[in-house]
Structures are given as structure tokens and as C-alpha cells.
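Residue numbers (this note's numbering), protein chains in the order written: chain L, 1 to 299; chain U, 1 to 705.
Keep in mind that a hint or two might mislead.
What the hints assert, rightly or not - Derived, one-sided and incomplete: chain L residues facing chain U with beta-carbon distance under 8 Å:
| hint | residue |
| --- | --- |
| 1 | 184 |
| 2 | 188 |
| 3 | 190 |
| 4 | 196 |
| 5 | 201 |
Stated by the list, open to error - Pairs of lysine to aspartate or glutamate residues, derived as DMTMM-like cross-links and limited to a Cα-Cα distance of at most 20 Å, are as follows:
| hint | chain 1 | residue 1 | chain 2 | residue 2 |
| --- | --- | --- | --- | --- |
| 6 | U | 632 | U | 699 |
| 7 | U | 43 | U | 33 |
| 8 | U | 422 | L | 193 |
| 9 | U | 485 | L | 193 |
| 10 | U | 633 | U | 605 |
| 11 | U | 422 | U | 444 |
It should be emphasised that the hints constitute simulated quantities derived from the structure, not laboratory data. The model shown is predicted, which means the values in this text are computed figures rather than measured ones. We put the CB at the ideal spot given by N, CA and C, even for glycine.
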Amino acid sequence: MVQDVGAKAVTPPERRRSLLRTLFGGIGLLRESTIGMVGFGLILFWVLVALFAPLIAPVSPTATLQPFAPPGTVTASGETLWLGADQLGRDVLSRVIYGSRTVLFYAPVATFCAYFIGCIFGLLAGYLGGWVDDLLNRIADIILAFPVLVLYVVIIVLIGPSGLNIILAVTFASAPGIMRIVRGLTLDLRNRDYIAAAQTSGASLPWILFAELLPNARGPLIVDACLRMGYVIITIGVLGFLGLGLPPPTPDWGSMVAESRAMITFAPWMAVVPAIAISSLVLGFNLLADGLREISLRD
Amino acid sequence: MRSRSDLFPDWSPDQPVLECEGVCVSYFTRAGEIPAVLDFDLKVMQGEAVGLVGESGCGKSTVAMAIMRYLGRNGGIPRGRVLYKGRDMAELTPEELRQLRGSEIAMIYQEPMASLNPSLTLGRQLMEVPLNHEKSVTEKEAYERSVQMLADVKLPDPERVMSAYPHQISGGQQQRVVIAMALLSQPSLLLLDEPTTALDVTVEAGIVDLIGEIAARFNTSMIYISHNLGLILETCDRISVMYSGVVVEEGSVEQVFDRMRHPYTRGLFDCIPLPGADKQARPLIPIGGQLPLPHQRPRGCYFGPRCDFFQAGRCDVPPIPMEPVTDQPGHRSRCIRWDEIDWDAPRQAAAVAETLDEGDVILRIDGLRKYYEVRDNSLAALVSGKRVRHVKANERISFDAREGQTVAIVGESGCGKSTFAKILMGLETASDGGVAFQGEDFADKPVQKRSADEVASMQMVFQNPFDTLNPSHTIGSQLGRVVRKFGDYKDRREVRQRVLELLDLVKLPREFARRRPRQLSGGQKQRVGIARAFAGNPKMVVADEPVSALDVSVAAAVTRLLTDIQRNHRTTLLFISHDLSLVRYLADRVVVMYLGHIVEQGTTDEVFSPPYHPYTEALLSAVPIADTSVEKKRIILEGQLPSVLDPPKGCPFHTRCHRKIGQVCETEVPPVIEDAAGHLIACHIPLGELREIAPVIAEKQVAAE
Numbered sequence: 001m002v003q004d005v006g007a008k009a010v011t012p013p014e015r016r017r018s019l020l021r022t023l024f025g026g027i028g029l030l031r032e033s034t035i036g037m038v039g040f041g042l043i044l045f046w047v048l049v050a051l052f053a054p055l056i057a058p059v060s061p062t063a064t065l066q067p068f069a070p071p072g073t074v075t076a077s078g079e080t081l082w083l084g085a086d087q088l089g090r091d092v093l094s095r096v097i098y099g100s101r102t103v104l105f106y107a108p109v110a111t112f113c114a115y116f117i118g119c120i121f122g123l124l125a126g127y128l129g130g131w132v133d134d135l136l137n138r139i140a141d142i143i144l145a146f147p148v149l150v151l152y153v154v155i156i157v158l159i160g161p162s163g164l165n166i167i168l169a170v171t172f173a174s175a176p177g178i179m180r181i182v183r184g185l186t187l188d189l190r191n192r193d194y195i196a197a198a199q200t201s202g203a204s205l206p207w208i209l210f211a212e213l214l215p216n217a218r219g220p221l222i223v224d225a226c227l228r229m230g231y232v233i234i235t236i237g238v239l240g241f242l243g244l245g246l247p248p249p250t251p252d253w254g255s256m257v258a259e260s261r262a263m264i265t266f267a268p269w270m271a272v273v274p275a276i277a278i279s280s281l282v283l284g285f286n287l288l289a290d291g292l293r294e295i296s297l298r299d
Numbered sequence: 001m002r003s004r005s006d007l008f009p010d011w012s013p014d015q016p017v018l019e020c021e022g023v024c025v026s027y028f029t030r031a032g033e034i035p036a037v038l039d040f041d042l043k044v045m046q047g048e049a050v051g052l053v054g055e056s057g058c059g060k061s062t063v064a065m066a067i068m069r070y071l072g073r074n075g076g077i078p079r080g081r082v083l084y085k086g087r088d089m090a091e092l093t094p095e096e097l098r099q100l101r102g103s104e105i106a107m108i109y110q111e112p113m114a115s116l117n118p119s120l121t122l123g124r125q126l127m128e129v130p131l132n133h134e135k136s137v138t139e140k141e142a143y144e145r146s147v148q149m150l151a152d153v154k155l156p157d158p159e160r161v162m163s164a165y166p167h168q169i170s171g172g173q174q175q176r177v178v179i180a181m182a183l184l185s186q187p188s189l190l191l192l193d194e195p196t197t198a199l200d201v202t203v204e205a206g207i208v209d210l211i212g213e214i215a216a217r218f219n220t221s222m223i224y225i226s227h228n229l230g231l232i233l234e235t236c237d238r239i240s241v242m243y244s245g246v247v248v249e250e251g252s253v254e255q256v257f258d259r260m261r262h263p264y265t266r267g268l269f270d271c272i273p274l275p276g277a278d279k280q281a282r283p284l285i286p287i288g289g290q291l292p293l294p295h296q297r298p299r300g301c302y303f304g305p306r307c308d309f310f311q312a313g314r315c316d317v318p319p320i321p322m323e324p325v326t327d328q329p330g331h332r333s334r335c336i337r338w339d340e341i342d343w344d345a346p347r348q349a350a351a352v353a354e355t356l357d358e359g360d361v362i363l364r365i366d367g368l369r370k371y372y373e374v375r376d377n378s379l380a381a382l383v384s385g386k387r388v389r390h391v392k393a394n395e396r397i398s399f400d401a402r403e404g405q406t407v408a409i410v411g412e413s414g415c416g417k418s419t420f421a422k423i424l425m426g427l428e429t430a431s432d433g434g435v436a437f438q439g440e441d442f443a444d445k446p447v448q449k450r451s452a453d454e455v456a457s458m459q460m461v462f463q464n465p466f467d468t469l470n471p472s473h474t475i476g477s478q479l480g481r482v483v484r485k486f487g488d489y490k491d492r493r494e495v496r497q498r499v500l501e502l503l504d505l506v507k508l509p510r511e512f513a514r515r516r517p518r519q520l521s522g523g524q525k526q527r528v529g530i531a532r533a534f535a536g537n538p539k540m541v542v543a544d545e546p547v548s549a550l551d552v553s554v555a556a557a558v559t560r561l562l563t564d565i566q567r568n569h570r571t572t573l574l575f576i577s578h579d580l581s582l583v584r585y586l587a588d589r590v591v592v593m594y595l596g597h598i599v600e601q602g603t604t605d606e607v608f609s610p611p612y613h614p615y616t617e618a619l620l621s622a623v624p625i626a627d628t629s630v631e632k633k634r635i636i637l638e639g640q641l642p643s644v645l646d647p648p649k650g651c652p653f654h655t656r657c658h659r660k661i662g663q664v665c666e667t668e669v670p671p672v673i674e675d676a677a678g679h680l681i682a683c684h685i686p687l688g689e690l691r692e693i694a695p696v697i698a699e700k701q702v703a704a705e
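Use the sequences and the hints to build the structure in full.
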């Protein structure tokens with residue numbers, strides 16, 4: 001924070017230590033909630049998988065080895081296909097491992113963008129009220145009234161499938177919901193005395209919005225962000241399933257499920273493995289959100 | 001179902017209704033056992049009212065919960081016993097306990113709205129009491145008894161109240177319904193936990209009156225919990241003073257008020273301003289230090305570290321038992337030095353600042369009005385064509401404030417005093433009239449249009465200490481921001497230096513710059529709020545009830561600090577308050593507001609002595625005074641505060657006025673009559689008659705012994 005002039009000037013080392021302590025303190029608090037820890041563990045697992053994908057993956061995700069090989073098959077060249085291979089003979093395990101990189105890059109980025117837009121408009125609507133509030137709310141209503149899938153198709157048909165479009169689609173679809181939440185929190189916060197104190201000391205609008213209001217809304221927003229991350233992961237899966245996600249041959253959990261749809265009766269592993277991957281990551285975020293909420297309610 | 005006498009076969013009315021013997025209450029948390037109340041003794045006879053006094057955190061509410069056996073999952077009573085009509089409450093079965101609560105022992109809480117279910121009619125909720133507790137009662141009987149009880153608590157039109165929902169009646173009426181509900185089962189013991197704290201003084205006076213009447217009529221025993229010594233004096237026979245979980249002094253009200261034998265009790269009395277005395281005669285003496293946390297209590301006497309009479313080697317050696325005060329039966333004190341201290345010695349008070357010579361007029365309010373538009377979209381409004389209605393928050397406000405002066409604005413909630421503060425601060429603009437501040441017109445100048453100097457020269461101290469600081473930033477960063485905004489301090493080191501100076505100014509340790517608001521107590525937060533207001537060397541500070549949410553000892557210290565800084569800086573202080581005792585203590589001039597109108601203004605002495613405006617008179621009589629030597633008139637205002645949407649024609653006060661002279665009050669706006677230069681009263685009653693009114697507060701005539 002820019003404003004911590006006083007404290008920063010005197011004791012920079014102490015400050016840094018306290019930041020570290022806050023971070024560990026947060027995890028320490030989370031330890032009191034079992035489901036929160038389970039969620040955190042699931043997410044940590046996938047993050048580590050994504051980070052060390054090249055080291056973990058037994059073969060290249062795009063190498064074609066033995067089509068429709070069932071799990072456990074040993075190929076002619078000696079590799080074991082632990083989770084089987086797909087219709088082109090690519091190793092399902094390696095593709096799931098590399099697929100985690102796609103999800104864990106696009107989901108946080110898209111969520112962040114949605115939050116960025118949602119927070120700005122939510123703070124404006126809640127703090128200013130009046131016609132600004134009315135206008136922003138009506139716009140949000142229109143977007144929310146649109147069926148989400150149709151919205152995605154429209155966006156991607158207009159600009160073509162690419163990573164950027166995933167982010168755009170997710171932002172567009174979830175920002176109104178975030179705006180509503182931020183607006184509600186702001187409505188409660190804006191009547192606090194410290195906001196009046198900021199106003200009476202002549203603080204500017206951006207300062208009041210981002211330095212006075214937003215930090216105090218962070219608790220519920222962090223919980224919501226975790227939940228929303230789960231939805232975004234599903235959304236990315238859905239987009240991939242509809243063929244609107246990343247262009248092939250990029251490994252993508254959603255498109256893996258989509259491609260294997262026709263073969264599900266005789267090669268179920270092709271669909272089941274990426275489906276489990278998606279569910280476990282979404283579950284991880286949901287459990288983390290529950291854990292965080294549980295802790296925040298306790299205090 | 002058994003009748004009540006079966007539950008208590010051995011009890012006769014000459015035995016105590018409630019007896020607590022060495023009760024200890026603890027909460028069991030992750031950090032271990034936290035003792036909240038220790039060694040609590042209490043005896044309540046039938047028809048007796050016992051007051052429990054203490055500051056927040058002293059365990060007085062915990063005692064009430066322990067009596068009700070309602071401590072929650074993590075609370076327990078490890079030692080001691082509570083006897084209700086001779087039976088140990090711990091031995092009662094859950095079913096017997098359920099019968100006891102609500103029928104034998106009833107409790108009235110602070111917040112009436114929270115005690116009533118908003119989705120049921122009041123009648124339904126009242127009728128539930130007899131229907132649940134007595135099997136033979138029919139619906140019809142329950143209804144009739146409820147109506148009768150509502151009439152007993154003096155609610156007008158009980159039938160209408162029966163079919164109303166809680167939000168349709170006022171706060172004072174809600175509290176009357178809660179009292180009626182508690183009385184419906186004819187309890188033997190009534191526990192009142194700060195029953196009037198959330199109410200205005202004039203409403204409070206009515207409730208206090210009612211409680212006194214009920215006690216006499218139903219012969220109910222009462223335990224009255226309050227932090228307000230004046231209220232205890234008016235309602236109770238005996239009093240127990242609590243400090244940090246223990247009773248430090250107990251006795252009859254006269255004993256404790258006039259011949260106190262514990263330093264804490266004396267400190268408590270020194271902290272409260274009395275409307276009978278002014279600041280020269282009786283300065284406020286705050287108690288130094290802070291209430292110890294339950295797990296950090298000092299050895300020996302818990303009050304030791306804050307006590308002027310502390311003697312190492314004696315006061316810090318446990319146990320410190322309750323000792324009887326020998327010449328006064330029934331009076332006990334938990335002070336081992338009670339017979340060594342000279343209780344009549346004059347208090348060593350710091351020199352009182354003499355009244356400042358008044359400077360030039362710095363603020364001139366001239367005919368200020370503030371109307372809010374309310375759009376009415378109902379069909380009736382469409383038909384009648386009156387779509388826009390006005391909330392008249394401020395009406396024709398005119399007064400002056402001089403440099404270095406303390407001007408108090410007094411009035412109950414809804415009188416428009418906060419709206420007025422908002423206009424001054426530029427958060428709202430006036431609908432009409434002028435606000436001249438240092439010659440500049442501030443009336444239509446919102447804060448965005450004021451220059452940095454203008455913003456800095458008018459600052460505000462807010463009411464709620466828990467809301468006044470942003471919980472997300474450190475104290476240093478919040479003060480530093482204001483310093484940079486207002487001053488010429490651009491360099492980091494200069495800003496930091498100035499922040500530390502500000503902390504010195506409000507007597508807070510410099511380390512606080514790095515702390516966050518949640519690490520501070522209410523009083524400390526309020527000090528930071530004061531430091532923030534004085535950061536830009538303001539010419540005028542508006543303080544909106546700055547100490548109303550604080551405990552008396554803390555409030556005294558914060559008040560003192562605020563006035564000291566104000567005097568040293570020759571700042572004009574606009575002090576908004578409902579606490580007339582405090583206003584009497586610190587204000588130079590007083591402005592009394594009612595429904596957006598100024599009804600009376602003048603110097604403090606002029607306003608506090610006749611001639612009064614009838615509203616001032618009622619307000620003064622409503623203030624509970626913790627002083628047994630004064631006598632005051634009782635004036636209970638009838639009816640409720642009219643809505644600002646539909647204010648009465650003529651004099652705004654005529655609907656509740658006890659001195660209404662006739663038709664003229666309802667039709668004509670009262671003239672402003674001048675008693676002395678600057679003492680203005682807006683009333684139809686001729687000045688001569690107003691002058692003849694006897695003072696509200698008078699020294700009690702000492703009866704010949």
C-alpha cells in the first residue's frame with residue numbers, strides 16, 4: 001500500500017517479516033478447517049502438476065503412440081500408457097498433465113479480469129448510487145438475462161476461438177454477478193464513519209473506492225473468488241467441449257472429454273480421466289471457499 | 001403441569017427470592033478457561049430492586065446470563081451456587097428450568113427491536129406467553145390479559161397495538177411492549193439489562209417511571225443492570241458496583257452514593273458530570289489506566305494498578321475479601337484500606353482552564369433550511385397531485401459561534417442535529433439560508449468545491465469509535481494521509497514526524513502508528529479520531545456525540561482531552577450531544593433543537609436555569625442525576641415524536657408540550673423572544689410567566705434529623 005509511509009520509513013525489515021507472517025498465519029488459520037485444507041491440498045496438487053509438467057509427464061502430450069490403448073498397455077517402443085491412449089494414440093496421462101497448465105493459466109486470469117471489471121462497476125454503482133447505479137444495474141440485468149451458452153457462442157463466433165476469447169467470454173459473463181456482490185458490500189460500507197471522514201478530508205473518488213471501500217470488502221470477495229474460480233474452470237471445460245476453446249492440438253480437459261464422447265462405450269478412460277481432473281480441481285476450489293467461509297464466520 | 005408453589009415448597013416470602021453464593025462464571029475457549037465473574041454474592045428480597053453497575057466488560061451481563069442459566073455452550077459455573085427461592089438452580093431439570101425462565105424469571109434486553117419478532121403481530125407474541133406457560137388459559141383469556149397488560153404499561157390504544165407489527169410502533173413503545181411481555185407471566189424476578197440505553201432521554205424517563213411503578217404494584221424483585229449511576233439512583237434500593245468480574249462495593253443506594261468506601265466507586269463518580277454543578281466547581285477526574293483483560297488481572301486487588309491509594313505489599317497480596325463497613329450495616333467493600341483512606345479529602349484535580357475570552361464570530365448561521373425531497377409514488381399521491389413531499393430536517397436555524405468557543409447543540413434523535421453537521425462539513429448543501437464560515441459562504445459549497453485550506457479548517461470527530469477508523473489501514477497511514485493532504489509536509493520524514501506529534505497530542509504511545517484499528521480500544525480509537533480532526537490545525541471542529549459510545553471513565557478522559565486541545569488551539573468546538581450533563585460541563589453556549597427548529601439558545605447558565613423553553617425544561621428533568629443531594633421535577637412527555645414528513649403546524653412542540661396554552665400553539669409559529677442579549681426562546685408563553693417557572697434541578701431541602 002502506498003500510504004504506509006510512516007511505518008515503511010522506520011522499520012522495513014519488520015514490515016516484510018510481518019507480511020510473511022500474515023501469509024503463513026493465513027495458512028495456519030486454514031488448518032483449523034479440515035475441508036479447507038483438503039481443498040487447499042487438491043489445488044496445490046494441480047498447481048505442482050502444472051508447474052512440473054515436463055518432468056512428470058511420461059511422454060509428449062502430442063506424440064502418437066497406439067490408438068485406443070487401454071490403461072496399462074506397454075507400447076512397442078517400451079512406454080507404459082498408465083491411463084491409456086486416445087483415438088490418435090496420444091497418452092491420456094500426459095495430456096491431462098499438460099492440460100492442467102491450460103486450465104490453471106486461463107482460469108485465474110479470466111477470474112481476475114472479471115473481478116477487475118466487476119469491482120470497478122460495483123464500487124461505482126454502490127458508492128455513487130442514483131442514476132449511475134440504475135444504469136449499471138440495467139446493463140447487468142441485460143447481460144444476466146442472456147443465456148450464458150448463447151453468449152459464449154456469440155462471442156466466440158464473432159472473434160474466433162483463441163485463449164484471449166476464453167478470457168473475454170468469462171469476463172463478460174461473470175462480471176455482472178461480481179458487480180452485484182461488490183455493490184451490495186459497498187452499500188453497507190459507504191455509510192461508515194470512516195468513509196465520511198475521508199469525504200470530509202477531501203479524498204478523491206478513486207481513493208475512496210479503492211483504498212477506503214475495497215479493502216474492507218475483501219473478506220467475502222475472496223470466498224466468492226474461490227467459488228467463482230471453480231465455475232470458470234467448468235466454463236473453460238464447457239467451451240472446450242463445444243469446440244470453442246483453444247485450437248487443437250493444445251491439450252485441454254474440456255475438448256478431451258468432447259472428443260471421446262463417441263467412443264465412451266469402448267474406451268471410457270478417454271472421457272473419465274479428464275472429467276475426474278476437472279471435478280477434482282473444481283472441488284478443490286469449492287472446498288477452499290467453504291473452509292475460508294467457515295473460518296471467517298468463526299471470528 | 002405443576003403449579004409454581006410445587007416447584008418451591010420450602011419458600012416463604014420473607015426469604016430471599018434470589019441468592020447467589022460465591023458464584024464464579026467462566027468461559028472455556030481455545031485459549032483456556034477465562035474467568036468472567038469471580039466470587040459473586042447477591043441477595044434479592046421480594047419487591048427489592050438491586051442495581052448492578054459497572055463499565056463494559058466488568059461481567060454484569062454475564063451475571064444475568066448465569067442467573068438465567070443461559071451461558072451458551074462454552075460457559076459454565078465452576079464454583080458457587082445460585083439459589084432461586086431456596087432451590088439450587090443447578091439441580092433443576094431442563095423442563096423445570098424451562099418453566100422457570102419466562103414465567104418466574106423474566107429478562108428485558110437493551111435492544112427492544114431485537115427482542116421482538118418482526119414477522120408476528122405484537123398481540124400474537126404477547127398471547128404466546130400465557131398460552132405457553134399456563135395450560136388452562138384459552139385464547140380469549142390470553143387476549144384479554146395481554147390487552148390489560150398493555151394498558152398497564154401505559155400504551156395508548158392497546159387494541160391497535162395488539163394487531164400492529166413491531167416496526168409500526170416507536171422504540172419507546174416497543175420497550176413498553178417488551179416489559180408487558182415480561183410481566184404477563186407475573187414473574188417474581190425481573191432482570192433488566194440496560195433497558196433504556198437505546199432510547200432517548202425523554203423516552204427513557206417514561207420507561208424508568210414505569211419500571212418503578214411496576215415494582216411497587218406487582219411486588220416484583222428486580223435486578224437492574226446499567227452503566228448509568230443516575231438511573232440506578234432513580235430505580236434501585238440497593239446497589240452492587242462491579243469491576244473486572246468482581247463486586248467491589250455493595251450497599252444501599254444512599255450508602256454507596258454518599259459514603260462510598262471503595263476507590264473505584266469514587267473514581268466512577270468523579271468521572272460523571274452532574275448537571276447541577278459546572279466545571280469550575282467540580283472538574284471531571286478520569287480514572288487512569290485501563291480495565292484489565294480477564295486473563296491479565298493483576299495479583300491482589302484488580303483495581304490496584306489504577307488506584308491512587310495502592311500500597312505495594314498489601315494491595316497486591318491476595319486474597320482481597322469483601323469487608324463489612326463497620327458503621328454501616330449492609331455496606332461492604334472489597335478494599336483492605338477502606339478505613340484508612342480519608343474519603344472526605346478534596347480531590348486533587350488538575351487546574352481548571354479558565355474561561356477563554358471570546359474571539360470574533362467565526363461561524364454565522366442565518367436562516368438555514370434543509371429539506372429532503374421524498375417522492376411518493378402511491379396511487380393516493382398521484383390522485384391528490386402531491387407527488388413530492390418534503391422532509392424538513394432543518395428549519396430556520398440561526399446562531400453564531402465565536403473563536404475558541406464551545407457551542408453545544410442538544411436534542412434527541414431526529415431533531416436534525418446530524419443533518420446540520422453534514423451541511424457544515426459539505427456532505428450536504430443547504431436548501432436555503434446562509435452559512436458564513438470565516439467570511440466564506442459554505443451553504444452551497446460541497447466539500448469537493450472547497451479548497452484544501454477550507455477543508456482543513458473545518459473538521460469532524462465522529463460518534464462511533466468502532467466505525468471512525470478504516471479497519472484496513474494502520475493508524476500511521478490514516479493520520480499520514482490527512483497530514484499530507486492538509487499540510488505542507490511533503491517529505492516522508494516530515495510527515496512521519498507530524499504523525500508522531502499528533503499521537504503525542506492525543507496522549508497515545510508513538511508505537512500506535514504501526515497498529516491497526518482492531519488492536520485499539522474504543523477510547524483509543526476515538527483519540528485517533530481527534531488527532532485526525534486536528535491534523536490540519538482546524539479553526540472549527542464538529543464533534544458528533546464523540547463520547548456517547550464510551551464508558552464513563554474513558555468518556556471523561558476523552559472529553560477532557562478534546563477540550564484541552566481545543567482550548568490550546570483556540571479552536572471553535574461545535575459539540576453535538578444528547579447528554580445534558582456533559583453539555584453543562586463543557587459548553588459555553590447551548591442551542592436546543594427540536595424537530596429541526598431551534599427552540600432555545602443562550603449561554604450555558606441561561607439555558608440551564610429559568611426561564612426555560614418547555615422542551616428544555618422537560619429535557620432537563622429527564623436526565624438521570626447520580627447525586628442524592630439534588631431534587632428535580634419530573635416531567636414525562638406524552639405522545640411520541642411527530643414525523644418530520646408531517647411536522648405539526650404552529651409550534652413544533654405543541655403535540656407533546658406540558659405547558660401548551662391553547663389554540664395559538666397549534667396554528668401560529670411561536671415568536672422568538674429575547675430574555676437577555678443572546679438568550680432566545682421560541683415560545684408563545686409570555687416571558688414573565690416563563691421566568692416564574694421553578695428550576696428543574698434544586699438542592700434537596702435537608703430534613704431536620
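Checked hints:
Interface restraint check: residue 184 of chain L against chain U, minimum CB-CB distance 18 Å, threshold 8 Å, status violated. Interface hint at residue 188 of chain L: violated, since its Cβ lies 12 Å from the closest Cβ of chain U, which is beyond the 8 Å cut-off. Contact between residue 190 of chain L and chain U, as hinted, is not supported at the beta carbon level, the nearest pair being about 12 Å apart and thus beyond 8 Å. Residue-level restraint check for residue 196 of chain L holds (minimum Cβ-Cβ distance to chain U is 7 Å; threshold 8 Å).
A distance limit of 8 Å between C-beta atoms decides the matter here; for residue 201 of chain L the minimum to chain U is near 5 Å, and the interface restraint holds. Using a Cα cut-off of 20 Å, the hinted pair residue 632 of chain U and residue 699 of chain U holds, with the two alpha carbons roughly 8 Å apart. Distance hint between residue 43 of chain U and residue 33 of chain U is unfulfilled; the C-alpha atoms sit about 27 Å from each other, more than 20 Å. In summary, the hint linking residue 422 of chain U to residue 193 of chain L is supported, as the alpha carbons are separated by about 12 Å, within the 20 Å threshold.
Among the hinted pairs, residue 485 of chain U with residue 193 of chain L is consistent with the structure: their alpha-carbon atoms are about 19 Å apart, no more than 20 Å. The straight-line distance between the Cα atoms of residue 633 of chain U and residue 605 of chain U is roughly 18 Å, inside the 20 Å bound, and the hint therefore holds. Taking the CA atoms of residue 422 of chain U and residue 444 of chain U, the gap is about 12 Å. The hint holds against a cut of 20 Å.
Figure legend: structure checked against the earlier numbered hints; hints not met, in rising order: 1, 2, 3 and 7.
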